[in-house]
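Enquirer: One-letter residues, chain by chain:
Number of protein chains: 2
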Amino acid sequence: MKKEIKVRVPATVANLVSGFDVLGMAICEPFDEIFLRKCTTPGIKITHTDNFGLPTEANQNVAGVSLLAMTQAIGNMQGGWEIEMHKHIKPGSGLGSSAASAAGTVFAANILLGSPFTLQQLVPFAMEGEKLASGVPHADNIAPCLFGGITLIRPDGDSEIIQLTSPDIFVVVLHPQIELKTADARNVMPKEISIKDAVRQFGNVGALVAGICTNSPALMAKGMNDLVAEPYRKKFIPFFDEMKHAALSAGAIGGGISGSGPSVFMICEDRQVAVTVEIAMHKKFESSKIPFHTYLTRIQTNGIEIF
Amino acid sequence: MKKEIKVRVPATVANLVSGFDVLGMAICEPFDEIFLRKCTTPGIKITHTDNFGLPTEANQNVAGVSLLAMTQAIGNMQGGWEIEMHKHIKPGSGLGSSAASAAGTVFAANILLGSPFTLQQLVPFAMEGEKLASGVPHADNIAPCLFGGITLIRPDGDSEIIQLTSPDIFVVVLHPQIELKTADARNVMPKEISIKDAVRQFGNVGALVAGICTNSPALMAKGMNDLVAEPYRKKFIPFFDEMKHAALSAGAIGGGISGSGPSVFMICEDRQVAVTVEIAMHKKFESSKIPFHTYLTRIQTNGIEIF
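Protein chains in written order, with our numbering: chain A, 24 to 330; chain B, 24 to 330.
One or more hints might be untrue.
Copies of the same chain look alike in the list, so a pair counts if it fits in one copy or across any two.
As a list, the in silico DSSO-like pairs of lysine-lysine whose alpha-carbon atoms are at most 27 Å apart [as the list claims (entries may be wrong)]: (1) 61 x 29; (2) 219 x 154; (3) 307 x 258; (4) 219 x 68; (5) 258 x 204.
Rather than coming from a laboratory, the hints here were simulated on the basis of the structure.
Starting from the given sequences, assemble the full structure and let the hints guide the process.
Expert: What follows is the structure in structure tokens.
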């Protein structure tokens, strides 16, 4: 059996605007690389080649706790693990950095152990990492990270991941280098909404999912309006309204906050429009004087890849 | 130009469980028949061949107010109308009886006038009838009645009707002959829901729409759970839980209250299962001693038909 493995783990955009806490999408860039080794020494040793300053104690580290949860489920496992993280998805970017660490590690470990678990069965282990990172064990980044493409989760049910068709679109992401804690982004939201607004969002989720399933960016566009989180969270993101407006004016079909932010994503029907949208967002945001990255990327349909 | 026309107008199931106020489905049975004549005498003359006791004054009648709204929009119209209603969809059944009267009449009138309006443009006229019937101008029965198949409306937007693919399913309907006012069914609902429950319903709406769009009854089934209306409205319907349980046990994939009730509908993957489901619901409900009808039908994909 193989003793070591290297995986490439995609960044993910959770929520997709109106699909708050239920929809997520894997994107080709940025991505993390994780090397995992099965070794004879017990315990989990974690090293980072990046300078994000993430903890290296297994029980303090997102990848560590996920791997611990998985090995505890197996029970009676000999030896230990070495994890070498090459992270490119910045923690706190809203691009599923913790999900990538968690999902990538359990995915890799599962392969080295001879795949005792299905992808679906890996979800709860990876969610332990999310719980450590944000206090809430959510799967809306884990799911697209593991399965690729666009995924739907149903909190009202068995948490089974539903894979949707991936429409043929381009994604522009602008990541402002500001810190925004998921917990703060959650606390700013009201605990209740009116039935009237809920119904508006039912219609939007329906249109978005119908657009995804029928590869219709125009229909997706209709559904990309969020009444639940964006109105409360956008104030944390400098120039959010200006960027969104500029992107839509430049031809983007829709977009909003990626996960709980601060990254902002916009969806475009073709590459030429996406280039224009990227420039438009760039122009708006640079006046903030805050450092930022942009990505022009596509939907990543394979999930975690071994290389 | 033709002076008279006869149309067949389908019954409709609004909400489709989790798609509260946004999804609707036309079914082949029951249906109304409407004869409409353009005549030289001004005014709107309404006659009924049924014994439902509906008003015949145009401004008190659902078909009448819809037709008035339409002719007012045209302005300066010569002559008047004779409407002969042969209703088979019982008013107050929860099967879109008022929507059928309203949509059927404006559809027929539009044809006789040389189709000055698109189907989409007929929606607001027909909604005047819904407003008269229930106090609320809603389109979730109007839309599938006019367009056929399964439709999605987005209250958060331009009210444009989105037609979804029609999956290959059978529909069993049980209509208890009790009176249940839409207004009462609305008043019993809370005005707000928790974000947590809203998110559960986002996941359900997403799964239901994805199931519809990909012709997957199994995926539709996952999404057919409603947290918004059914928990509050089901008490108005005798033996609701028992019927639903019996139908699911007999192989139905899902179902619930049709519109605001009292009709109950269940969806089945094949005819043989649908027959078993119909018998199971029949058995449960007959102990109530309340008269009832059942229908075993399919999705009506054509909308209003001229014959």
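Enquirer: Quick one: which hint numbers does this structure break? Sort them smallest to largest.
Expert: 4
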